[in-house]
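Here the protein sequences line up with chains U and X, keeping their order.
Under our numbering, the first residue of the first sequence is numbered 1, with each subsequent residue one higher.
Under our numbering, the first residue of the second sequence is numbered 1, with each subsequent residue one higher.
Please keep in mind that the hints were generated in silico from the structure rather than gathered at the bench.
Glycine is no exception: its CB is placed at the ideal position from the N, C-alpha and C atoms.
Misleading hints may appear alongside valid ones.
Stated by the list, open to error - Output of the computed footprint for chain U on chain X, the stretches with three or more beta carbons under 8 Å from beta carbons of chain U: (1) 181-190; (2) 222-235; (3) 394-408.
What the hints assert, rightly or not - No farther apart than 16 Å at their CA atoms in a straight line, the calculated lysine to aspartate or glutamate pairs in the EDC-like style are these: (4) U:K376 - X:D21; (5) U:K489 - X:D281; (6) X:K319 - U:E447; (7) U:K241 - X:E33; (8) X:K368 - X:D434; (9) U:K445 - X:D12; (10) U:K33 - X:E175; (11) U:K30 - X:D12; (12) U:K8 - U:D319; (13) U:K30 - X:D349; (14) U:K29 - X:D349; (15) X:K348 - U:D43; (16) X:K352 - U:D55; (17) U:K445 - X:D281; (18) X:K301 - U:E483; (19) U:K174 - X:E33; (20) X:K301 - U:E18.
Said to hold, decoys possible - Label-pair distances were calculated between CB atoms; the ranges are: (21) X:G369 - U:P36: 25 to 31 Å; (22) X:S88 - U:Q129: 41 to 47 Å; (23) X:S28 - U:N317: 33 to 39 Å; (24) X:E48 - U:E133: 20 to 26 Å.
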Amino acid sequence: MTFNDKIKKATTHVNQDEGLIFEKSSPGKKAYKLPPLDVPEVDAEALLGEHAREDLGHLPEVSEIEIIRHFTRMSTWNFAVDYGMYPLGSCTMKYNARVNEFAARLPGLANAHPYQPERISQGALRIMQMLREQLIEITGMDAITLQPAAGAHGELTGILLVRAYLESQGNPRKKILVPDSAHGTNPATAAMSGYAVENLKSNAAGMVDISSLVAQVNEDVAALMLTNPNTLGIFEQEIHKIADVLHDKGALLYMDGANMNALVGKVRPGDFGADVMHLNLHKTFSTPHGGGGPGSGPVACKKMLEPFLPTPVLKENADGTLAFDYNRPQSIGRVRMFFGNFGMFVRALAYIMANGPDGLRQTTEDAVLNANYIRKKLEGIYELPYKTPTMHEVVFSDHLQTRKGVKTGDIAKRLIDYGFHPYTVSFPLVVHGAMMIEPTESESKEELDLFIDAMKAVAEEIEESPEIVLEAPHNTRVSRIDETAAARKPILRWRPSQKAEAKEAEKLEAAMKG
Amino acid sequence: MRYLPKSQSDRDTMLGEIGADSIDDLFSSIPAEYRLTRDLNIPRQYAESEIVDFFRERALESAQGYVSFLGAGAYSHYRPVVIESLVSRGEWFTAYTPYQPEISQGTLQAIFEFQTMICELTGMDVANASMYDGSTGAAEALMMATRVTGRHKAVIASTVHPEYREVITTYARYEGTPIWTIGHNENGRVDLEKLESSIDNETAGVLIQSPNFLGLIEDVPAIADIVHKKGALLIVSIAEAASLGIVKPPTEADIVSMEAQSFGVPLGYGGPYCGVIATRDKFVRQMPGRLAGETRDRNGKRGYVLTLSTREQHIRREKATSNICTNQALVALMVNIFMTVYGKEGLKDLAKHNLAKAHYAAEQFKKKGAKLPFDGTPFFNEFVVQTKGDPYQLNSKLLKQQIIGGFPLKKFYPELGNAALWCCTETTSRASIDAAVKEVA
Chain U
1 MTFNDKIKKA
11 TTHVNQDEGL
21 IFEKSSPGKK
31 AYKLPPLDVP
41 EVDAEALLGE
51 HAREDLGHLP
61 EVSEIEIIRH
71 FTRMSTWNFA
81 VDYGMYPLGS
91 CTMKYNARVN
101 EFAARLPGLA
111 NAHPYQPERI
121 SQGALRIMQM
131 LREQLIEITG
141 MDAITLQPAA
151 GAHGELTGIL
161 LVRAYLESQG
171 NPRKKILVPD
181 SAHGTNPATA
191 AMSGYAVENL
201 KSNAAGMVDI
211 SSLVAQVNED
221 VAALMLTNPN
231 TLGIFEQEIH
241 KIADVLHDKG
251 ALLYMDGANM
261 NALVGKVRPG
271 DFGADVMHLN
281 LHKTFSTPHG
291 GGGPGSGPVA
301 CKKMLEPFLP
311 TPVLKENADG
321 TLAFDYNRPQ
331 SIGRVRMFFG
341 NFGMFVRALA
351 YIMANGPDGL
361 RQTTEDAVLN
371 ANYIRKKLEG
381 IYELPYKTPT
391 MHEVVFSDHL
401 QTRKGVKTGD
411 IAKRLIDYGF
421 HPYTVSFPLV
431 VHGAMMIEPT
441 ESESKEELDL
451 FIDAMKAVAE
461 EIEESPEIVL
471 EAPHNTRVSR
481 IDETAAARKP
491 ILRWRPSQKA
501 EAKEAEKLEA
511 AMKG
Chain X
1 MRYLPKSQSD
11 RDTMLGEIGA
21 DSIDDLFSSI
31 PAEYRLTRDL
41 NIPRQYAESE
51 IVDFFRERAL
61 ESAQGYVSFL
71 GAGAYSHYRP
81 VVIESLVSRG
91 EWFTAYTPYQ
101 PEISQGTLQA
111 IFEFQTMICE
121 LTGMDVANAS
131 MYDGSTGAAE
141 ALMMATRVTG
151 RHKAVIASTV
161 HPEYREVITT
171 YARYEGTPIW
181 TIGHNENGRV
191 DLEKLESSID
201 NETAGVLIQS
211 PNFLGLIEDV
221 PAIADIVHKK
231 GALLIVSIAE
241 AASLGIVKPP
251 TEADIVSMEA
261 QSFGVPLGYG
271 GPYCGVIATR
281 DKFVRQMPGR
291 LAGETRDRNG
301 KRGYVLTLST
311 REQHIRREKA
321 TSNICTNQAL
331 VALMVNIFMT
341 VYGKEGLKDL
351 AKHNLAKAHY
361 AAEQFKKKGA
371 KLPFDGTPFF
381 NEFVVQTKGD
391 PYQLNSKLLK
401 QQIIGGFPLK
411 KFYPELGNAA
421 LWCCTETTSR
431 ASIDAAVKEV
441 A
């Protein structure tokens, strides 16, 4: 058996090599042309004196065609949603609609200066206002801020709201409870907000253990940060009890909205007891992940937290025009300059409009259907550590495969050869050797079947010839990358001395190919 | 729904395979009392053509065809067409964070190049893959200084962007970092005497901005001497990245926090932009944010990978250097392409055009009788103009001529009276400068 004969979705093809841009640079090449200066030229040294800069170091000098090829070639080394299923659990890698991109680039929106007068910004403000209203309806909350730049930034904003509210009640309290299945951003956020972090254990069903919760919640606890459905994809069925236990002791329920793609149109956090939550527009509302960002992390909350929202807050004047209200004496202050990642607001609103209430509900249903279909088809082939019903994502473990010495990270690398982006590896931490799969609604039955076939084929390979999986990926332009070496002796930037080294390495590579 | 790739019969087949009678079975873990049994009260599904029309209408309600003299932390520079062309490739914008290096080499190599160019521009040793923006980046840089020095106080110049300072106040409040704000002298720069007297042996970091919010270039070497003598770190915030083409980089700083929006990022009503933190090698382990590093694959081939992640929240949780996860990767790519297009010579030429336009405009204001309160202090492409009339009223007059005047400073710097901050970039024409000056002065 050759190591590629079970692969149905992908094949290898020639892809272009491309060095660093600095290695293409040579003096005199240009990719720009400025128009003639219509004002008198100035003498920089005379104007700036000792502050005048003489030299820009090793910035590149290249032509336009080289730039196009450079970034195009490099782009083809990336996997992307546009290529295929990207089942990263808790990341919600769904289709990024093109009309969203079109709308965000319209001149009146893309060129708007944040300090231009409000009366000539009404279109931009209207977009923000509509998005606010619709997100409030979707979450079942009372108020919202769009200012936070990403999910973790929303968490910080939300916990600061909790803190400001509790302070106004006389005691900010000391601790935040975080379940052991939580994203790392939750404890990091709590620490940044000046709170101690206390871990909360899950029960055998993968949910918050109510008796532990009761034992841990006291007058020192400010809030519980809860992801629902949690990172195992499990809806916290006793959510009302959780909220009650907290509220009885004067603590608040913060909901991490990372997994909101399981809930939109089916249930609203505001209805089941959440006091404050963030949304990830780059997950649930389809704004693109962009290779790591930008995101947007609006924070929705109940009425009692509204006075503390970051300044400014958008308001509607009596004449129907929109304006920012900066006079918010109880506000936690700003969390970001200007008004947030406006370009993401445009995209998210376009997504909601394209869906409508029926489309959003169907989207959620399809996301949950897809995850359950994968669960059904792969259960037994991979260990399912929690049998509790799951929603938009399912977490398996590598327990059955470790007998052959193969771990979740190895299976992930082999999936790459099969034409899929891996699932989320080794998270959540409560599952040893976790394989966290979130297909989203964007996958057809055909793509899901190919994924399932690939996962089965890898499981077979592990039984027959585990070295294939241990040495994967085989079909990528680089083989497994040495992460340990990278961290041990970090090379975090190119330096001119590397030019010579790179030439040597190329020679070595050529010799090896030969 | 046109984004959903399944027919009803696909759904029925899948439900059958799962062994569910209906889709509701899959939602049975949600307590019935909370399930939504109605449609969300949001507008109906729109056709793509309707969405396009809707946003075109909103775009028309926002300023178009105006000449603008606004800067103040968001700058209007020409964006080479290749930027949109390249970042519109799905391989860039529909990819996730490059956690799987074997299928993310494009993003990783681009980050590595970005880090390199930021270092070259700022004179620092190491730069991260991006922060949310200049304001949060400055706040995180100050927090970094507290970790490096083990001290807890901060000193901030009043000439740092006022909204940056507001964000820092929010961040610092619960980190237990008291802030001393120091004013500017009659030249509009940091008052060195006040600076010296406000730093004590508990001061972790001093944050200044250069060019500062009033457009003026600070004397970074002199400030650095004072700060370092007291054992604190100097953090220099740069809000107008284009200045680095002609203004000496703050090589005396310990941390540089930059907003790179000027480099090919649309104004976009304030975001998304691109913050970035750069620093000395010795401080890298206290730095927040992602870092790409060079390494080798199993066959010895050069490759790139996210590295030093033991600083980050997904590994270190509550002991992480920051909670930041998502950053501004695609915007950093725009910045990267912009820096590559202009390069070593172009960024200098571009900066010279900015310098020339702003100095021409300043001269015209002066000639026509307006007062330049900080005349004589070096500036890049922004300058303060004092007028007899109220700048808000002057701006209203200008708006009628499709001109957006300078940023009125009353709100943040009432001591400057009827003053506004005017910005000219390479895109500002002489004719529009002349028209604005005529109306204002």
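Results for each hint:
Only residues whose beta carbon comes within less than 8 Å of a beta carbon in chain U count, and the segment 181-190 of chain X has 0; fewer than three means the coverage is violated. Requiring three or more residues with a Cβ within less than 8 Å of a Cβ of chain U, the coverage given for the segment 222-235 of chain X is violated, as only 0 such residues are present. Under the rule that three or more residues need a Cβ within less than 8 Å of chain U, the assignment of the segment 394-408 of chain X holds, with 4 such residues. Proximity of U:K376 to X:D21 is assessed by CA-CA distance (about 15 Å); at most 16 Å being required, the pair is judged to hold.
Our distance criterion of 16 Å between C-alpha atoms is met by U:K489 and X:D281, whose separation comes to about 12 Å. This hinted pair does not check out: X:K319 and U:E447 have alpha carbons roughly 40 Å apart, beyond 16 Å. A C-alpha spacing of about 13 Å is found between U:K241 and X:E33, which places the hinted pair at or below 16 Å, so the restraint holds. Between X:K368 and X:D434, the direct Cα distance comes to roughly 10 Å. Compliance with the 16 Å bound is thereby established for this hinted pair.
Restraint check: the Cα-Cα separation between U:K445 and X:D12 comes to about 11 Å, which is no more than 16 Å; the hinted pair holds. Restraint check for U:K33 and X:E175: not satisfied, since their Cα atoms lie roughly 48 Å apart, outside the 16 Å limit. Straight-line distance between C-alpha atoms of U:K30 and X:D12 comes to about 59 Å, which puts the hinted pair past the 16 Å bound. Taken as a hint, the U:K8 and U:D319 pair is broken in the structure, with Cα atoms around 61 Å apart against an allowance of 16 Å.
The straight-line distance between the Cα atoms of U:K30 and X:D349 is roughly 12 Å, inside the 16 Å bound, and the hint therefore holds. At most 16 Å may separate the alpha-carbon atoms for a hinted pair to count; U:K29 and X:D349 meet this at roughly 14 Å. Between X:K348 and U:D43 the CA atoms are separated by roughly 13 Å; this keeps the pair inside 16 Å, and the hint holds. Note on X:K352 and U:D55: the hinted pairing holds, with a Cα-Cα distance of about 13 Å set against a maximum of 16 Å.
Note on U:K445 and X:D281: the hinted pairing is violated, with a Cα-Cα distance of about 50 Å set against a maximum of 16 Å. Taken as a hint, the X:K301 and U:E483 pair is honoured in the structure, with Cα atoms around 13 Å apart against an allowance of 16 Å. Taking the CA atoms of U:K174 and X:E33, the gap is about 33 Å. The hint is violated against a cut of 16 Å. Taken as a hint, the X:K301 and U:E18 pair is honoured in the structure, with Cα atoms around 13 Å apart against an allowance of 16 Å.
With their beta carbons about 30 Å apart, X:G369 and U:P36 fall inside the hinted range of 25 to 31 Å. Range check, X:S88 to U:Q129: Cβ separation about 28 Å, and the 41 to 47 Å hint is violated. Between X:S28 and U:N317 the beta carbon distance is about 46 Å. The supplied range of 33 to 39 Å is therefore violated. Evaluation of the 20 to 26 Å hint for X:E48 and U:E133 yields a pass: the beta carbon distance comes to about 22 Å.
Consistency with the previously given hints fails for numbers 1, 2, 6, 10, 11, 12, 17, 19, 22, 23, ordered from lowest to highest.
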